[in-house]
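Number of protein chains: 4
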Amino acid sequence: MTTARQLGLWAEGKNSLPSGEHNAITDVPGVRVGHQTLSDGGLATGVTAVIPHAGDLFRQKVRAAVEVINGFGKSVGLVQIAELGTIETPILLTNTFGVAACTEALIRRAIADNPAIGRETSTVNAVVCECNDGTINDIQALAVSPEDAFAALAAAASGRVEQGSVGAGRGMTAFGFKGGIGSASRRMHIADRDFTLGALVLANFGRAGDLVLPDGRRPDPGSVSHSERGSVIVVLATDLPLGDRQLQRVARRAGAGLARLGAFWGHGSGDIVLGFTTADQIAHDAPAFQSMTCIDENLIDLPFRAAVEATQEAVLNALCAAPGETGRTGKHYPSLADWAEENAL
Amino acid sequence: MTTARQLGLWAEGKNSLPSGEHNAITDVPGVRVGHQTLSDGGLATGVTAVIPHAGDLFRQKVRAAVEVINGFGKSVGLVQIAELGTIETPILLTNTFGVAACTEALIRRAIADNPAIGRETSTVNAVVCECNDGTINDIQALAVSPEDAFAALAAAASGRVEQGSVGAGRGMTAFGFKGGIGSASRRMHIADRDFTLGALVLANFGRAGDLVLPDGRRPDPGSVSHSERGSVIVVLATDLPLGDRQLQRVARRAGAGLARLGAFWGHGSGDIVLGFTTADQIAHDAPAFQSMTCIDENLIDLPFRAAVEATQEAVLNALCAAPGETGRTGKHYPSLADWAEENAL
Amino acid sequence: MTTARQLGLWAEGKNSLPSGEHNAITDVPGVRVGHQTLSDGGLATGVTAVIPHAGDLFRQKVRAAVEVINGFGKSVGLVQIAELGTIETPILLTNTFGVAACTEALIRRAIADNPAIGRETSTVNAVVCECNDGTINDIQALAVSPEDAFAALAAAASGRVEQGSVGAGRGMTAFGFKGGIGSASRRMHIADRDFTLGALVLANFGRAGDLVLPDGRRPDPGSVSHSERGSVIVVLATDLPLGDRQLQRVARRAGAGLARLGAFWGHGSGDIVLGFTTADQIAHDAPAFQSMTCIDENLIDLPFRAAVEATQEAVLNALCAAPGETGRTGKHYPSLADWAEENAL
Amino acid sequence: MTTARQLGLWAEGKNSLPSGEHNAITDVPGVRVGHQTLSDGGLATGVTAVIPHAGDLFRQKVRAAVEVINGFGKSVGLVQIAELGTIETPILLTNTFGVAACTEALIRRAIADNPAIGRETSTVNAVVCECNDGTINDIQALAVSPEDAFAALAAAASGRVEQGSVGAGRGMTAFGFKGGIGSASRRMHIADRDFTLGALVLANFGRAGDLVLPDGRRPDPGSVSHSERGSVIVVLATDLPLGDRQLQRVARRAGAGLARLGAFWGHGSGDIVLGFTTADQIAHDAPAFQSMTCIDENLIDLPFRAAVEATQEAVLNALCAAPGETGRTGKHYPSLADWAEENAL
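Chains as they are written, first to last, in UniProt numbering: chain C, 1 to 345; chain Y, 1 to 345; chain P, 1 to 345; chain H, 1 to 345.
Because the hints were derived from the structure by calculation, they are not lab data. Mixed in with the good hints there might be a few duds.
Each pair may be met inside one copy or between any two copies, as identical chains are not told apart.
[As the list claims (entries may be wrong)] No more than 20 Å apart at the CA atoms, straight line, and that leaves these computed lysine to aspartate or glutamate pairs for EDC-like:
1) Lys331 - Asp113
2) Lys14 - Asp220
3) Lys331 - Asp138
4) Lys331 - Asp301
5) Lys331 - Glu120
6) Lys331 - Glu12
7) Lys14 - Asp301
Work out the full structure, taking the sequences as your base and the hints as a guide.
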């Protein structure tokens with residue numbers, strides 16, 4: 001797997017933050033990622049799972065926020081996250097028409113673990129985000145099944161994150177290049193403590209000719225620019241304690257990361273950000289009063305910057321890791337890695 | 001079917017508006033409603049379809065707005081409506097765990113009618129709203145299938161709307177009474193033209209003892225008040241031309257209709273409003289410029305008032321039409337119609 | 001000063017909460033209210049100050065939320081409250097064209113207390129809300145001066161709150177009756193501790209004929225109904241610990257209190273809610289990490305209910321305390337107290 | 001006045017749009033800009049007026065939208081724009097503590113032109129946006145008076161726009177450089193018609209070392225990076241017909257333009273966008289029904305792109321036009337023009 005840094009496509013600024021050990025969302029302690037990839041007979045799709053912690057998420061929810069940069073999308077579960085500020089299932093990413101199957105899987109899994117759901121206690125809010133991989137994948141086949149979702153969840157692991165044309169990223173394209181799953185992370189030092197913020201993106205957005213690298217170069221995939229039917233999902237994870245409103249502010253900054261790449265949050269692109277912190281988890285059966293730790297708002301520029309940088313680099317990593325591929329209608333989506341080698345400085 | 005007016009539970013104010021012919025959402029020309037009810041072996045659930053017009057909704061979208069009064073809910077498709085201001089499938093109502101099946105049905109139906117979906121053109125945004133009917137229905141059975149959704153769609157008709165314990169309303173409860181589907185409408189006279197605004201509600205909200213009738217009486221179902229795990233979905237339809245922002249403002253007023261009933265938009269209640277106008281429909285393949293008719297903002301109090309009154313009366317109609325029923329754990333949910341007869345003035 | 005309870009206009013429901021000692025916003029420990037009333041030569045206006053605590057608000061901010069029910073209004077400072085979740089000046093209420101003078105007063109006062117403002121530290125966000133009292137007051141006179149704002153601030157006191165045609169309420173009308181300043185409070189018992197939520201309203205909204213009393217009666221002021229150019233400001237204070245998002249949810253419920261009175265949040269009415277908690281104040285120079293106490297979200301129905309009831313009763317109190325008055329164009333706005341006595345049950 | 005293009009700091013992308021005649025907001029027909037600059041005795045501040053059309057704005061309002069990118073700001077009038085979608089006064093830009101004086105000026109001017117305001121008709125919503133120029137200007141002097149606002153309005157003209165350290169831009173800084181007023185425009189060709197979108201910015205944001213030029217270079221002002229207390233106001237004008245929701249979507253894209261410059265919408269920066277279209281103006285006394293022209297949503301990427309590019313270039317123009325200056329505490333803010341000449345490629 002090739003990364004943007006290996007190819008010399010990442011450039012530090014004066015105020016840039018250092019990346020974490022794996023430069024991935026899994027640098028946030030406890031966060032795991034798993035893929036299930038479907039790849040034959042016209043299928044090029046899959047499911048990617050992000051699991052915030054090792055416990056039962058329904059019983060031990062994570063504080064979360066959602067930012068809809070551009071709402072041309074069919075993601076599920078966002079309304080409740082916005083209202084309650086919690087995520088209570090793993091986060092699944094898939095193709096647009098795989099959302100129903102993944103939702104069913106998350107509900108069945110939660111009920112299996114918590115038989116009181118929908119009976120003695122509330123129902124459960126499944127979180128499934130999507131992009132349209134129809135340029136490469138036969139999306140009308142509705143190929144993703146609940147079993148694929150279970151497989152992605154079962155595969156979830158910490159450490160190095162497989163990126164590019166894997167899981168939900170299998171059939172995605174971005175800026176005229178082959179897209180997919182990418183990840184990156186940033187470390188923050190606050191009051192003698194170390195924290196990490198990680199991003200995982202499902203990159204399927206951006207018109208050919210619009211991509212801008214950190215050094216100002218504009219890689220041209222050589223294809224005719226067309227209107228977007230893409231999308232991008234950004235999952236931000238951190239172990240930094242952030243209040244609800246603070247987490248929302250951090251999530252919003254992922255949009256700046258996308259814009260730095262040349263995106264303008266195109267009309268046809270469902271650009272959605274989910275942010276969560278593993279600090280101060282919320283028990284399903286909580287005490288009457290509970291303490292939440294916030295950072296001094298005057299320090300919040302640090303996670304803002306981390307969110308922007310990690311999002312920007314995660315997208316570049318997605319494009320560098322994915323090999324070139326030809327779509328259903330014969331159009332070729334080259335790899336940014338190939339472009340980088342041909343255009344080495 | 002008994003209505004609130006028949007039972008003397010509706011009271012006109014000085015500025016009240018007249019109702020339409022059927023006092024139902026179907027008074028808006030072209031709007032149809034259909035139910036599929038599941039009722040055996042512990043099941044008490046179903047699907048209700050609201051179809052905005054007789055044409056192909058994907059090709060001829062209706063202008064729409066969404067208002068999240070309280071977002072403890074799992075409805076699908078809201079994010080895109082908020083961004084694009086259109087609905088492009090029928091609206092399905094069902095129980096919380098029936099959302100995935102209904103979503104799949106709407107996608108399959110749209111693809112069958114428009115094979116270009118997800119291939120030559122964009123994907124389709126299914127709209128499915130839900131309430132938790134777990135106090136009466138065995139929601140863990142995940143009993144609703146895509147076929148049930150198809151049946152509700154096939155049953156859609158204009159004219160009189162069946163209300164109470166039908167379709168998605170089969171297992172719902174409200175204010176300690178049996179709830180379900182209700183509807184009402186209001187006529188508006190503007191600049192020598194007549195318009196209608198209709199509401200259809202899936203009423204499953206409100207604590208026992210909180211219900212307030214228009215005449216100030218507070219019907220007590222006789223049961224112990226418990227915390228809410230309900231929800232209410234309000235669908236508002238009109239043929240009045242309204243711009244996007246105007247439609248949003250009108251949708252918001254449904255919340256006032258609920259509050260007049262004694263609701264305070266409880267924590268556990270997913271209170272969602274969908275509003276659409278059949279005026280100025282938007283073609284999927286539209287010309288570069290298109291005209292939208294707005295009303296003078298100084299006249300908008302009229303549809304505001306219509307939305308409040310129709311929502312309020314639709315809920316009362318749901319409670320009057322639904323017969324009493326005993327829940328899964330033995331608790332009884334009486335009919336408001338029975339209360340009204342016992343407490344006749 | 002006459003109250004709604006004294007006139008028999010308040011009705012308890014099964015789940016109603018008890019009021020505090022003064023049934024006023026000042027039942028929240030530390031909260032003070034002051035008025036400056038202008039009443040001669042065609043002037044009938046003023047300033048009302050709500051001061052959250054006795055300390056320096058710039059140095060010790062209170063957690064706050066804003067809910068815009070209907071944004072036809074010219075209030076100042078709301079955008080920053082929404083972003084940062086804090087209030088750092090007293091809250092001033094006045095007429096629409098008095099906002100600039102009150103803003104200047106708050107800025108000058110903050111600078112006098114904190115000379116570092118705008119130099120060594122950030123600027124200050126003045127919070128001023130307004131209603132249009134032009135039916136009684138000659139609003140074009142721009143009569144409110146910074147000195148009036150200082151006078152209202154200096155007059156602020158705890159204990160009993162003067163209500164009706166005082167301070168900013170001097171020239172306000174509501175539902176065709178004379179309106180003005182009203183207040184009410186509710187006590188909440190949570191986990192063996194007692195908390196209070198109080199409301200103070202500047203009531204200047206609602207069409208003649210729309211008012212509904214808790215017992216279902218609809219007081220008619222006898223005047224012809226006209227379209228609204230009013231507004232209502234609701235200030236909610238509590239000592240209950242609430243997170244940012246929770247406080248926002250509580251503030252939103254004030255809209256239900258208004259709706260229960262027959263309001264439908266009319267087009268021309270700027271309906272704005274400010275909510276703050278005196279718990280967990282935020283220091284201007286804060287430590288890197290700070291603890292915020294939240295309540296278990298499953299208990300939040302209690303402050304929801306308190307917000308609805310206190311808002312509803314505060315408006316009735318405003319209308320009961322204000323004597324009848326004739327407007328600039330000769331139209332009479334009777335007192336609801338007079339109506340109540342003529343229509344005693 | 002030097003521009004970014006003259007200094008070689010602008011780089012076209014493959015899909016870039018052409019600029020208008022003056023590369024300024026005044027390329028939108030009818031839009032005028034005027035400055036009043038205050039510059040002696042420690043003062044370095046002023047007022048800038050943007051006037052959407054030559055008529056009476058109260059009687060002939062322009063359709064408008066507001067986007068709050070980051071709400072750490074004290075702008076006035078935004079809440080009503082968000083609700084009603086119109087602007088009915090000129091837009092004034094000034095320093096944070098000049099807002100009250102400018103508000104008063106706009107109210108007095110509107111009343112002078114329309115004596116019915118606040119009497120026979122509604123009040124008026126003044127629109128004033130601000131940034132904190134306290135690093136260079138003695139903001140505590142509260143030097144801006146209503147007369148300064150009148151002077152800026154009287155100076156408004158079409159054609160070439162004076163940029164840099166003029167009007168409200170007099171004391172602003174950005175990215176460690178001297179900031180101020182900047183402008184740019186883009187032309188769009190849709191369905192055989194030509195339209196223009198123009199941006200005017202008050203640039204006072206961004207940390208030293210964060211600025212990224214379109215060619216990837218990162219100009220370093222040589223000063224130590226400090227936390228932001230800045231802000232940026234973006235005014236977008238167009239003659240393209242856009243519906244309310246569409247205009248909102250376009251306004252949002254200004255945030256992407258800022259992000260491309262290296263900004264991450266810092267905590268202390270009030271980043272506010274006002275967008276308006278001169279098409280389909282709304283009469284104060286409107287007919288019952290009115291037609292609004294929208295563009296096919298599938299074409300909206302064109303104004304999205306125009307908004308991003310014009311915002312980005314307008315900021316660069318501000319920094320290129322402003323000469324270097326030393327702040328109140330002795331810190332120097334160089335001109336980007338000087339940097340560009342020293343670092344010519």
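We went through each hint and held it up to the structure:
Taking CA atoms no more than 20 Å apart as the test, Lys331 paired with Asp113 passes in neither setting, with 45 Å inside one copy and 27 Å between copies. With identical chains, the CA atoms of Lys14 and Asp220 are at most 20 Å apart between copies only, with a shortest distance of 9 Å across copies and 28 Å within one. Taking identical chains as interchangeable, the C-alpha atoms of Lys331 and Asp138 lie at most 20 Å apart only when both belong to the same chain, with a minimum of 15 Å there against 49 Å between chains. Taking identical chains as interchangeable, the C-alpha atoms of Lys331 and Asp301 are never at most 20 Å apart, the minima being 42 Å within one chain and 22 Å between chains.
In this assembly of identical chains, Lys331 and Glu120 lie within 20 Å of each other by CA distance solely across copies; the values are 13 Å between and 53 Å within a copy. Taking identical chains as interchangeable, the C-alpha atoms of Lys331 and Glu12 are never at most 20 Å apart, the minima being 34 Å within one chain and 26 Å between chains. Only within a single protomer do Lys14 and Asp301 lie at most 20 Å apart by alpha-carbon distance; the minimum there is 15 Å, versus 33 Å between protomers.
Taken one by one, the earlier hints fail for this structure at numbers 1, 4 and 6, listed in ascending order.
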